[in-house]
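Residues per chain, in single letters:
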Amino acid sequence: MTGTAVRVDQVSKSFRLYHERNQTLKSAIMRGRTSVHEDFWALDDVSFDVPEGSTFGLIGSNGSGKSTLLKCLANIYFPNKGTITHFGKIAAMLEVGSGFHSELSGRENVFLNGSILGMSKKEITSKFDEIVAFSGVEQFIDQPVKNYSSGMYVRLGFAIAINVDPDILVVDEVLSVGDQEFQEKCFLKFADFRKAGKTVILVSHSMGTVEAMCDRVAWLSHGELKKVGPAAGTIKSYLSSLTPEA
Amino acid sequence: MNYLREIWRSRELLLNLTLREIKGKYKRTVFGQLWSLANPLALMLIYTVVVGLIFRVKPAPGDPSGLHVYALWLLCGLLPFTFVSSVINAGLRSLVSNAGLIQKVYFTRIVLPLSTVGSVGYTWLFEMGVLVIAVSIAGAFVLPWIPGLLLIMVILAIFAAGIGLMLSIANVYFRDTEHFISIVLQIWMYFSPIIYPVTLIDGPSKKIGGLLGTNITLADIYRLNPLEHFVEVFRNLLYDNRWPAATEWYICAGWAIASLAIGMFVFRRNERNLAETL
Ligand SMILES: Nc1ncnc2c1ncn2[C@@H]1O[C@H](COP(=O)(O)OP(=O)(O)OP(=O)(O)O)[C@@H](O)[C@H]1O
Ligand SMILES: [Mg+2]
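Note that the protein sequences, when read in sequence, are chains A and B. With numbering that gives the first Met the number 0, letter number 124 in the first sequence gets 123, and the count goes up by one each step, no holes. With numbering that gives the first Met the number 0, letter number 36 in the second sequence gets 35, and the count goes up by one each step, no holes.
Just so you know, the hints here were simulated from the structure itself, not pulled from any lab data. These figures come from a predicted structure and were not determined experimentally. The C-beta atom is built at its ideal place from N, Cα and C for all residues, glycine as well. There's no promise every hint is true.
[As the list claims (entries may be wrong)] One-sided and incomplete, this derived list gives chain B residues near chain A with beta-carbon spacing under 10 Å:
#, residue
1, ASN15
2, GLU275
3, THR276
Hey, can you work out the whole structure from these sequences and the hints?
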């Protein structure tokens, strides 16, 4: 349990900011090129290691690059520079329930979403009862998901995602929609994960949650890594940066 | 090859996405899958009246089947064409309409356009089944030609998939694509021997002779259209009840392979940028 689960090595990611973004042929032809743009560095030379078996938090203000970093971890974006290496199977929960089809029932969506997340039909079938029990929507499992409340939606989505059973779980602030009871259930599940020696990387704006759950925390500001280290210290520096002249 | 293996590993997801579209499409309709017959039937009525009765276009009777029904002859070309056109239209939108999914979850992106081939193909299979029954009632003996029919259907699906892949990427960069292509598809239909027989071209073409002093005729240029060959094979099997010439098979297969190879190449080169470009 002393190894490294994820190594982020000098990762930089830029986006093109278009001054006049209309993806039409006319604008391309008029200007003789596709667009006028400048590069915006959403992540700038970020490096850190996530120890295996730890719960790792990412904090920072809006737009500081947290979700971008998670997407790079999840193979959705590809960094311009630097490398990300992970040791073990990785699963990301950036938005639960993406890929739900609103007209299909909860049951059909469990199978659909499970396979989008990379589970085989056999795996889903064997975990189906567990998924439904964890989500707490048993009564509505054969209803189309468009009739679900937004919390139920998240519960079902989360229940599927957590049953992918990865070695490294990457979570963007997806829990804020669930009620108190469900949030506690999720935290217990994260704790189980940790006991099983698995790694969790999470983003949250609730410092209470981060402090309670994370061993180590990284603080991003405008794409740069300001500080990485034990939870309490990093959170303190982050909070004190928010209150100038304090 | 690696890429093919990756797609193969995602076959279950491909199947599930296809089922999602099939199941979602006719949810909450009374007639369900029967609706998929409505569009070809309406087109059949229109063309039979306008082209068959008013313009009196008369394709040659099926040889050796002896069939002589314009409506059936039309459908043998029209159903493959509407399949291609729906695959292109749906495939082209598949990335843009699943933007949310692409930006939030990692999976083999190519399954999105490919699943539209599956779901449109399912409808098509149903339509062709009805056509086979109709042609049989009219007196053709189709049974021995069914394996050939299935083979050409697969080849046409591969051809359409390749175009869908290319255009789905184009549509991510230029949303004009979908509007432009819907016009191109209409024009394409009239430049293919769907509602009129290719013999209608041969006459004027002979009269004009070689174009610009060469011995390339109008008909030669017309036959560059891959659909001309596909439609020929479909009509040979279904309407005439004979085995199509080997060259026709080769031409169709060649177009299909080229289309899929280019489509996959274009897709593979661009798929990494999809999440941020969308
Ligand atoms: N696809 C994109 N194209 C252009 N810019 C982008 C794209 N995705 C993110 N950005 C920019 O990158 C920066 C970081 O965004 P990111 O979503 O990572 O922030 P965040 O730290 O998750 O913020 P929040 O706390 O609000 O979730 C923002 O300025 C955003 O505008
Ligand atoms: Mg974010």
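Inset, instruction - Of all the hints given earlier, name the ones this structure violates by number, lowest first. - result: none
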